[in-house]
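Knowing the structure of chain A, use the given hints to seat chains B and C on it.
First to last, the sequence lines map onto chains A, B and C. Throughout the first sequence, residue numbering follows the working numbering, covering 1 to 114 in sequence. Throughout the second sequence, residue numbering follows the working numbering, covering 1 to 238 in sequence. Throughout the third sequence, residue numbering follows the working numbering, covering 1 to 118 in sequence.
Hints were generated in silico from the structure; no laboratory data involved. Just so you know, even glycine gets a beta-carbon here, dropped at the ideal spot from N, CA and C. Honestly, I wouldn't trust all of these hints.
To be verified - Using 30 Å as the maximum straight-line C-alpha spacing, the simulated DSBU-like pairs for lysine-lysine come out as follows:
1. B/Lys163 / B/Lys231
2. B/Lys78 / B/Lys214
3. B/Lys235 / C/Lys79
4. B/Lys112 / C/Lys79
5. C/Lys79 / B/Lys210
6. C/Lys79 / B/Lys187
7. C/Lys9 / B/Lys214
8. B/Lys235 / C/Lys9
9. B/Lys163 / C/Lys9
10. B/Lys94 / C/Lys9
Claimed, not checked - Short, incomplete list of chain B residues facing chain C, as computed with Cβ under 7 Å:
11. Gly58
12. Ser194
13. His200
14. Thr229
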Amino acid sequence: MKIAGHRNHAHYWAFILHRASGLLLAIFLPAHFYVLGLAIEGEAAMDGFIRWTDAPLVKGAEVILVILLAAHLTGGLRLMALEFISTSESSKTAVAVGAGISLAVGLAFLFNVV
Amino acid sequence: MSNSIKVSVWRGRETGEFQSFDVPRQPSQTVLDIVTFIQRNIDPTLSYRFACRVGMCGSCAMTVNGKPRWTCRTHVDKVVEDGEIKISPLRNLKVVKDLTCDMTEFFDKMNKAEGKFHPTKTRNDDFDVVLPDDPTRQLAAQGIECIGCAVCYSACDVVEWNKDYLGPAALNRAWTLVNDVRDGGNKERLTAISGDSGCHACHSQQGCVKHCPKNLSPTRSIIGLKRATMKAALKGEI
Amino acid sequence: MSNARVETKLWVWQRLSAAVLAVCVIIHLVVIVYAVQDGLSAAEIISRVSGNFLWLAFYSVFVIAIAVHAPIGIRTILKEMTSVGPGATHMIMATFSLIILAMGFRAVIGLFNASIIG
Numbered sequence: 001m002k003i004a005g006h007r008n009h010a011h012y013w014a015f016i017l018h019r020a021s022g023l024l025l026a027i028f029l030p031a032h033f034y035v036l037g038l039a040i041e042g043e044a045a046m047d048g049f050i051r052w053t054d055a056p057l058v059k060g061a062e063v064i065l066v067i068l069l070a071a072h073l074t075g076g077l078r079l080m081a082l083e084f085i086s087t088s089e090s091s092k093t094a095v096a097v098g099a100g101i102s103l104a105v106g107l108a109f110l111f112n113v114v
Numbered sequence: 001m002s003n004s005i006k007v008s009v010w011r012g013r014e015t016g017e018f019q020s021f022d023v024p025r026q027p028s029q030t031v032l033d034i035v036t037f038i039q040r041n042i043d044p045t046l047s048y049r050f051a052c053r054v055g056m057c058g059s060c061a062m063t064v065n066g067k068p069r070w071t072c073r074t075h076v077d078k079v080v081e082d083g084e085i086k087i088s089p090l091r092n093l094k095v096v097k098d099l100t101c102d103m104t105e106f107f108d109k110m111n112k113a114e115g116k117f118h119p120t121k122t123r124n125d126d127f128d129v130v131l132p133d134d135p136t137r138q139l140a141a142q143g144i145e146c147i148g149c150a151v152c153y154s155a156c157d158v159v160e161w162n163k164d165y166l167g168p169a170a171l172n173r174a175w176t177l178v179n180d181v182r183d184g185g186n187k188e189r190l191t192a193i194s195g196d197s198g199c200h201a202c203h204s205q206q207g208c209v210k211h212c213p214k215n216l217s218p219t220r221s222i223i224g225l226k227r228a229t230m231k232a233a234l235k236g237e238i
Numbered sequence: 001m002s003n004a005r006v007e008t009k010l011w012v013w014q015r016l017s018a019a020v021l022a023v024c025v026i027i028h029l030v031v032i033v034y035a036v037q038d039g040l041s042a043a044e045i046i047s048r049v050s051g052n053f054l055w056l057a058f059y060s061v062f063v064i065a066i067a068v069h070a071p072i073g074i075r076t077i078l079k080e081m082t083s084v085g086p087g088a089t090h091m092i093m094a095t096f097s098l099i100i101l102a103m104g105f106r107a108v109i110g111l112f113n114a115s116i117i118g
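This is chain A alone, in the form it adopts within the complex (with noise of 0.2 Å):
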């Protein structure tokens, strides 16, 4: 896919990986609160649907969800850093930063849950 010229840069990719994880978050929350209401339910309601989460591609979405949470939250970071601290070009690092420290988190998720 051709990426039009004037949209490849730091701050556009940002804006997308900023939108489409909020998107994405957005659409799983309420499957979240469902999974975890199962308490209700009793435990052993709960813990049938923890134990299909235990399949390998289950696994694999949430580490996908989970880095998404954590970029959702750096890109929100950077945009409160430019509207309430600076617009320096220091912000186009943050974002790497950013992206950088998502990806740990996801890594470190990865590490302790397989």
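Same frame as chain A, now just chains B and C:
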């Protein structure tokens, strides 16, 4: 370095097609040189705009290989890809013909954003003293070099997605006036720039900053407007 | 309320809820990474949060902040990327907020009241 460049130029209006020309390559050639060569030597029906041709007026802005630029300040060597260059009119504005676009909407939005001076004094009053190290004057100075070339407007994705979005240039101009102590129109101005399609629609993607030929930062001005509207809303002024 | 006031207030609430969520999400991520060590189980989750007022307060604040933050974000996406009109957008936002509050508190209170046996 080969002797000629293959140039694709947009012909037509909103619908049309790219037409191909072979243009001889010259040292220190700019994209404006190429367009001028085509119009004078190959196809006199090609329509395009320019004026100063030395990077002062902003009239020659076009999309070159996907990026909005001043063609008089774009050296062919810097943008040619595999011996080819693609030239089209500025994005986000209606096409009049070929490489000329209709700037009406761009300037209308300057008005809508109250990007115009509201005087408070008459000829009988004394001058306002505005010292160069005055902090608000310095904030205004960061944005007043804008010459309204529409490169930022063309680079902005929110302008593409929200057709009423005022855009980086109009908001930047509004910010310089917010910081002008002689101006008396801030209540209307802050209301104008915080409506449905005002400063809050900006996501700080900074395409405007990346492409502004005068190295201005409309994003910084828009962030200033966000803070100003927040304070005004808390005080009940808007 | 004028459009200018509405847009400005939504922007302020989005940033306020974001600041709260920044703290909540960092804590949540730490808990997640810690909790999945040596496998996850309902018993472990329930034993951590059941009857614990601190977790109840934390997750309640979390749910309320999300109920403010997510609908405002969705509103922007609807405005920019769809042709959904302002009235319908408002309905979708309000509905989404209620769903988050209802399902969120059902989970929070459910976990607070849950017990290991049964």
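Hints and how they fare:
1. B/Lys163 / B/Lys231: holds, 27 Å
2. B/Lys78 / B/Lys214: OK: B/Lys78 and B/Lys214 at ~18 Å, within 30 Å.
3. B/Lys235 / C/Lys79: holds, 28 Å
4. B/Lys112 / C/Lys79: holds, 20 Å
5. C/Lys79 / B/Lys210: holds, 25 Å
6. C/Lys79 / B/Lys187: holds, 26 Å
7. C/Lys9 / B/Lys214: The given pair, whose Cα atoms are some 33 Å apart, is violated under the 30 Å limit.
8. B/Lys235 / C/Lys9: Holds: B/Lys235 and C/Lys9 sit about 12 Å apart, inside 30 Å.
9. B/Lys163 / C/Lys9: holds, 22 Å
10. B/Lys94 / C/Lys9: The given pair, whose Cα atoms are some 34 Å apart, is violated under the 30 Å limit.
11. Gly58: Cβ of B/Gly58 sits 28 Å from chain C, so the hint is violated.
12. Ser194: holds, 4 Å
13. His200: holds, 5 Å
14. Thr229: holds, 5 Å
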